[in-house]
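Asks: Protein sequences appear in the order of chains A and B.
Quick note, in the numbering used here, the first sequence goes up one by one and the last residue is 533.
Quick note, in the numbering used here, the second sequence goes up one by one and the last residue is 278.
Simulated from the structure, these hints should not be mistaken for laboratory data.
By construction, the Cβ of each residue, glycine as well, lies at the ideal position given by its N, Cα and C atoms.
Treat the hints with caution; some may be incorrect.
A few chain A residues that face chain B, going by a derived Cβ cut-off under 10 Å, partial list only [stated by the list, open to error]:
#1 E128
#2 Q389
#3 I392
#4 T403
#5 K405
#6 S409
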Amino acid sequence: MTISKTFPILAGLALIVALAAPAAQAQDKPRSGGILTWFDYGDPGRLDVHAESPLVVQQATAGVYSGVLHYDPADPSKVVGDLAERWTVSPDGKTYTFHLRKGVKWHDGEPFSAADVKASFDRILNPEFQSPKCGASLKPMVAGVEMLDANTVQFKLKFPAAPFLPSLASAWCRVAAKHILAKYGDLNQPEAQIGTGPFKFKKYERGSVIEWEKNPNYFIPGLPYLDGVKQFILVGGPTQVAAAKAGKIMLWDAWPPMRKTQADELARARQDVDIYQASINTIFLIYLNSKKPPFDNPDLRRAVNLAIDRQELVAKALEGAGVPCGILDPKLSGEFALPLEEVNKVPGCRQPKDQDIAEAKKLVEKHHPNGVDIEVAVRSVGNYVDRAQLVIAQLRKVGIRGTLKTHESAAGYAAWGKGDFTLIATQDRAMDINDPSGVFHIAYTTEGGSNYGRMSDPKVDELAERALKESNKDKRKQAYWELQRYILTRGDTATVAVAWVEGWFFKDKKLQGYKPGLTTYDNNTFMKVWLSQ
Amino acid sequence: MRKTLTMLRRQPLGAAGGVIVLVLIAVAVLAPRLAPHGPKEATFAPYLAPSAEFPMGTDQLGRDVLSRVIWGARLSLYVGLVSVLFGITAGSLWGAVTAYLGGAADTGSQRVVDSVMALPPIILALALMAALGQSVNNVIIALVVLLTPTAARTVRSIALGIIASPYMESARAVGASNRRIIARHLIPNCMAGYIVLVTTNVSYAIVVEASLSFIGAGAPPDEPSWGGMLTAGIQAIETAPWMIFFPGVAISLAVFGLNLFGDSIRDVTDPRLRGGLG
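In isolation and in its complexed conformation, chain A is listed as follows:
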């Protein structure tokens, strides 16, 4: 072959390569534009991220606000500055000084300053103010917040606390504008959704849709890439799956996860999605009201702890996607979690269930020879009603006859908060941060924000406090093991850990730059997300 003959071929190949290269690069290079669609499992109603606890409230406002810190959207295991450019820690580990970004503007054009950070955290930390997420995690650690100058703010801790930075980076610890708090008194109304985040709050149609639009003055130039985000309010599994199958939503990465059967249906309907199984850092709990009969009686609480077949609940209600029994999940908490081999030998968790059921039956008969009738409450969300039916079936075997009472989501939370229930058959509690302290301070300690059973055990409080304050990793691990062993062997707690929930999720293949957070709340501002088409 002569040069003259080969040249046109080589030239053609070079041209193809030259044309193809930018196209390949374009696939990797973020492009601006497009609307991301996803969904909220319910209607948030109230929007005050400092005062509320349902996931839908956080989801509804996530991209509107910024935090002092946040989890890195590119590496969700790392805590990085958000409104803070950098920070320093005093040698005793009790004072954190944050240097804030300059020139940041609120969505209404007002300038942002350290006064806004102080106003937000004074509100969250106020003992009179119920802040079930950010406040509940920060109040035990933080003594106060001081503004040093317009761009510097200082957090003073009660003790050197390892979970402080991860807690401050939580998606619930958002900075609100001082002038907005002064004007509206709270953050419940759509008009009060003025943040510094990558998106502006555009529209809220009750029961239908929540929309954000791009903030052109976002403090990180070039971001966000998306023109907006549309969150449909889709209530109930069939509606959510139908929307996913029809291509109406591009992302399903929050509670409730899809079940295996639903994921299979979606896989058959759509080839343009990546479906994956993952943990959502959420624990499935059962609560017994320790202040009301019959569960003010420790024997009856013990009977329920013994009767509940966690493995069956995971196998049937979660279709196998979950880790039964552990108060901490080794997959999420690593060495802080008591080994599952040990956990699975504890009464209540051991298999087969015969011995536990026989013991539970005896305990019930001792106080109620003809069995006992109770009301079993549950919120009508996700597959809670299915789970509750299984719980009822399991309790019936030991002489506890349950009648199911369903609550609409918000009404259920209101009833739990007032202690207006006998037994809550199922309640998933997502962790606010990926730290072993979370579940204990949420669901087991006397002051726990979700200790709906209202049980108070000074030893649990003391052990949880000791583990929280411990900065040596080995000693901290030992403290958490002791705490888990104590709760498991005590066997009559009003909070019954059933399982750590896993499930199936999906992401549209054209969605780029998205990485799931380590909790169901994190990494949903979509600041670096873009659409390839």
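With chain A fixed as given, assemble chain B onto it according to the hints.
Replies: The following block gives chain B in isolation, referenced to the frame of chain A:
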């Protein structure tokens, strides 16, 4: 016997309906003996396809669908019969008495009936269930509220015809008291209409109960209600179609049978058609 055979020949569909109704009643009454497992017993593997062991398969929690369909007949029939008995009886008495009294009592009561009937039945039932809470007995109360005005309106029109008849006039002329006229002449003559209302509305009540349970506002979810089973079934319509198929068939058969039977009763009690039966 001959009369019955003649009737069967003239009303074969009604007879078929009657057989279905009889089977439904038998299944409901004998549910504890017929069902191979407890309706709430979740001891098997979930989503098992129909087999010799589980002729209708198992549901998402590992409960035997056949047992739940059988117990569902009991719940449907209980809700249907009790609500119709109370609702139609109360409505019929209301319609007959106010028609007899006439004047302001009749006009006022008809306006009440108008206002209740102006509301779409399922919306009214939903509102009542939201106010009362989820339970089987509350479904019955909601159905009674739905059925009473319908019965009052229908029986009133029958009663007006009877009131205008000569024997009613004679009764008044001989000095019979209102109570006696209503009890001895008016109500017995409204009975044919009453029976037709009862038979035709049982199926309606069953459908309303199933609809309420289907949208999660009827019987509590753990009760073996056919409507509730449909709701669970649509969540797994591709994976386990038997979960929706068998309760669906049960509802259709029950409603079909009751309607055929009710229509036949209406035909039999209609004097114009009855004449032909001779």
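Asks: Hints first: check each against the structure and report whether it holds.
Replies: Against the structure, the hints come out as follows:
1. E128: Nearest chain B Cβ about 34 Å off; hint violated.
2. Q389: Check passed: Cβ of Q389/A comes within 4 Å of chain B, closer than 10 Å.
3. I392: For I392/A, the interface hint holds, since the closest Cβ of chain B sits about 6 Å away, which is under 10 Å.
4. T403: With Cβ-Cβ at 7 Å, under 10 Å, it holds.
5. K405: holds (7 Å)
6. S409: violated (13 Å)
Hints 1 and 6, counting from the list given before, are not met by this structure.
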